[in-house]
Amino acid sequence: MVKEKMKKTIVILIFVANSLIGFSQIVVSIDNQNTLYHGYKNRIKIGTMDGRPFDLKVHNGKIIYDTTFVYNQNDEPVQCVETFLYPGYERKTKVVFVEPDTGLPFDTLEFNVKSLPAPTISLGPLKNGSEAHRGTIRAQTRLFAKYSAEIPLNVSFSILSWEVSITSISKRIVGKGAYLTNEARDLIRQAESGDKITFMTNIKHPNGGIYRRNAEFTVR
Amino acid sequence: MKSIFLISAVTFLFQLSLTAQGVISFPEAKVLYRNHDNIVRIGFADKPQDFTLHAHGADLSKSSEGVFIVRPYEKVRQVALLCVDSKGDTISNYLFDCLSLSEPLLQWGGVTVENEYSFNDDPFIDIRLPSGSLINIDYKLLNWQITLNNISYSGKGNVLSENIMNTIRNECQSKASIDIKLKVDYQNTVGIASIEKDIRVYSENYLSNSDEYRNIWNNSRIVVIDKAQNTTAIFDESNPFSMVSLIRQNYIKNVFPMSVLTAERLQAQGANLPIGFLGLVSDAPLIESDSLKANYGLEKVEDGNYVYPPRTEYYFEVNDIDRIILFLKDNANQKNGLTINSISHVALCKKFGDNDKYDVVLSFPFHSNLLDLGIIALQESDEINANRFIKMQNELADSTAVINENYFFSISPNSPNKVNYNAGGYYLVKNRNREIDFEFSFSSDLEKPGFRPLFQFDYDADNFSAEAMHNMNSFSWEANHDIFKSLNNAIHSVDYDSIISDIPLMTMYGEDSLDLDGNLVYPIDYHIHKIHFKTNFQNQSASPLKVVLKHQLELNSQDRYVFRPIEVIYCAKNNSNSEWFVVASIDLDSLKTDNYSFLDQPKIEWIQILENEMKKGKVIHLKNRKEKGKLNKEINIDF
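For the protein sequence lines, the chains are C and S, in the order given.
Heads up, the first sequence is in the working numbering, so the first residue is 1 and it goes up one at a time.
Heads up, the second sequence is in the working numbering, so the first residue is 221 and it goes up one at a time.
It is possible that part of the hints are untrue.
Said to hold, decoys possible - Think about it this way: if two alpha-carbon atoms lie no more than 20 Å apart in a straight line, the pair counts; the simulated PhoX-like pairs of lysine-lysine are:
hint, chain 1, residue 1, chain 2, residue 2
1, C, Lys92, C, Lys57
2, C, Lys62, C, Lys92
3, C, Lys146, S, Lys577
4, C, Lys196, C, Lys127
5, C, Lys41, C, Lys114
6, C, Lys41, C, Lys127
7, S, Lys307, C, Lys114
8, C, Lys41, S, Lys447
Bear in mind the hints are in silico, worked out from the structure with no lab data behind them.
Computed from a predicted model, the values in this text were never measured in an experiment.
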């Protein structure tokens with residue numbers, strides 16, 4: 001019973017995704033770009049090179065997939081191609097394409113499973129490890145945890161708390177959320193040239209885990 | 221920059237002889253790499269068609285049927301691939317960001333090596349892209365060369381020779397560290413490249429035998445804390461702030477387990493040495509922990525000689541120790557010139573059998589780890605002095621802790637498409653003004669495609685366990701989460717009773733990790749067991765919940781049938797036998813206008829049958845509509 005309901009849920013998911021994201025019949029993939037991330041909704045598009053219908057079997061993972069059809073302008077059923085893949089806990093996930101009628105496999109694609117990369121902590125526009133003039137650092141009011149352009153994943157992190165310290169001053173200020181408190185900004189104002197400003201942050205990942213990430217900024 | 225205007229085009233004529241190959245793409249990660257032959261594979265979700273593939277900003281060539289090689293021009297930031305049909309109409313277009321390939325990293329024994337390396341007796345070297353890379357490239361390692369004491373050793377492939385490994389082992393037996401030069405040649409995507417590094421190899425494996433460790437033993441003043449006589453919270457596992465708790469709950473870096481020789485001696489005495497983990501091995505892939513199954517004792521190798529085996533990892537549970545030793549050091553404070561006495565290392569000790577002496581089963585540097593453990597936040601100065609530390613632990617003697625958590629959700633009338641989600645709370649140790657606070661907040665966009673509350677699901681709080689959560693697929697767990705958010709939007713404000721199950725207090729699990737028993741721990745944070753509706757909803761706890769999506773089929777501007785969600789309806793039961801009540805609903809259309817206002821009172825609405833035209837006889841309807849206010853049976857959406 002539960003499974004049945006789940007299936008219905010899945011069907012709705014796919015329909016909604018198609019209707020809102022837009023439906024494209026051509027699937028363009030890049031060889032070797034085959035990484036799936038744990039705890040992340042890996043969006044995928046599926047097709048075959050000759051357009052034949054297929055079913056999928058997944059080893060070490062779950063694909064939110066159903067042989068659903070929407071109808072194109074010629075009133076022909078169009079197979080659903082866009083869905084999500086959740087990898088399991090092994091290092092590789094395999095997706096096997098099988099003939100819908102016979103169940104015979106005709107192709108297997110293998111994916112590497114990785115943890116989501118750690119985000120970069122920035123103080124305003126200043127990235128972790130960067131050097132900046134005192135005035136620039138003083139002007140910053142909040143921390144960010146996000147991916148640089150090299151990682152085009154749609155992942156949002158939230159900064160739960162932080163602790164800031166400066167090399168030359170024996171004082172630590174703690175705070176919650178992404179915004180710096182006045183106390184923290186007062187402390188940062190006291191930093192002199194050559195000082196290192198260190199933030200220890202607790203960051204919530206989309207998988208629910210809380211991670212500690214440090215960031216350091218040098219006053220030029 | 222001119223090159224971006226150049227267009228390459230290759231016609232793709234579908235041929236029936238094409239082999240049937242599956243194609244899976246990642247729409248989020250549209251990236252092409254510079255100086256790299258990006259192999260683009262074209263597939264079809266339904267009927268194949270002929271088209272010409274055009275590339276803007278890249279060289280394009282055909283490799284085989286349906287397979288193209290795309291090489292972005294230098295300095296181009298984006299490349300567009302267009303599929304154009306015979307009439308010249310664009311069927312599909314795809315925009316790719318161009319990135320340069322990251323420099324690959326040198327790995328030794330599964331560890332990325334820059335200028336320092338802790339020797340772990342592993343002969344395997346490797347070249348890999350940094351962990352965040354989207355692309356997976358198998359670099360082939362061709363040659364390696366190690367220079368040590370002005371003598372060069374070299375070999376082919378990715379395994380260091382036994383000769384150089386023995387040389388390093390011998391050096392590590394007598395020295396705390398050695399300096400080597402390691403050079404590797406590897407095959408990359410354009411040819412052969414090299415990485416050369418000056419590396420200081422630390423012999424931490426043999427720490428107890430090294431001069432470095434002896435130095436700590438011989439020259440440090442120590443503070444001995446015996447478990448039997450201790451009255452502080454140091455050994456109190458139930459206290460989240462006690463030293464053993466903090467050690468246990470956090471991943472400890474640079475842990476030095478019992479030395480091989482000590483283990484040998486104890487085993488010869490018949491001691492039963494446990495093998496386990498201390499803390500979380502957060503970054504190591506699970507499979508690589510197999511190295512723990514090393515054999516103990518001398519090992520016979522192929523040539524008949526006996527050698528020491530790899531290091532044995534005897535890690536002890538912190539509750540299985542009898543004594544903690546704090547090693548002290550004098551530190552000059554750079555700022556004020558004063559000398560501060562602080563703790564340098566911590567050793568956990570155990571008395572085996574009838575031995576007179578304690579054996580060190582595990583040790584680690586204090587300061588760097590305690591920074592991670594958060595103890596430092598308690599301190600006003602950088603250095604922790606032993607007396608102060610013990611005093612601090614003494615103050616924790618009452619181990620009862622109070623946990624308070626609150627979750628709030630709201631929709632602001634000013635930005636009706638945003639859900640604001642706030643959570644906060646604290647852990648408090650009694651009799652001490654010591655809290656660990658947490659707070660976080662974020663907004664989520666209701667208009668986002670695929671917004672998860674737009675699905676039906678059932679939630680049965682009574683039967684909802686951690687195990688059930690594991691068995692359900694990830695999707696539904698996430699759906700649950702968002703559904704609560706939406707529900708709470710509608711009824712304004714809610715308190716969750718949440719508990720942290722399976723997980724020791726304060727532990728921050730995230731990635732796949734191993735718990736203290738070596739079991740795999742899944743990345744779960746909090747488990748919400750009950751929802752109490754604080755206001756508005758009959759002053760009773762409500763469970764289970766049901767969320768129903770009303771939607772209709774429409775033709776969109778591209779003349780395709782799409783589902784358009786209309787309304788999200790929340791139902792609840794007072795108990796498992798009662799009828800479904802509609803407690804709230806959100807009109808999704810109204811969310812897109814300025815007229816939205818959240819519901820001060822639960823909006824009792826009738827679930828209406830949704831009967832819309834669907835082709836091929838597929839009709840969506842909500843069954844079992846009864847008279848106003850009651851819904852006797854479960855709501856199903858049938859296809």
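We went through each hint and held it up to the structure:
no.: 1; hint: C:Lys92 to C:Lys57; result: holds, 14 Å
no.: 2; hint: C:Lys62 to C:Lys92; result: holds, 13 Å
no.: 3; hint: C:Lys146 to S:Lys577; result: violated, 52 Å
no.: 4; hint: C:Lys196 to C:Lys127; result: holds, 14 Å
no.: 5; hint: C:Lys41 to C:Lys114; result: holds, 13 Å
no.: 6; hint: C:Lys41 to C:Lys127; result: violated, 27 Å
no.: 7; hint: S:Lys307 to C:Lys114; result: violated, 43 Å
no.: 8; hint: C:Lys41 to S:Lys447; result: violated, 48 Å
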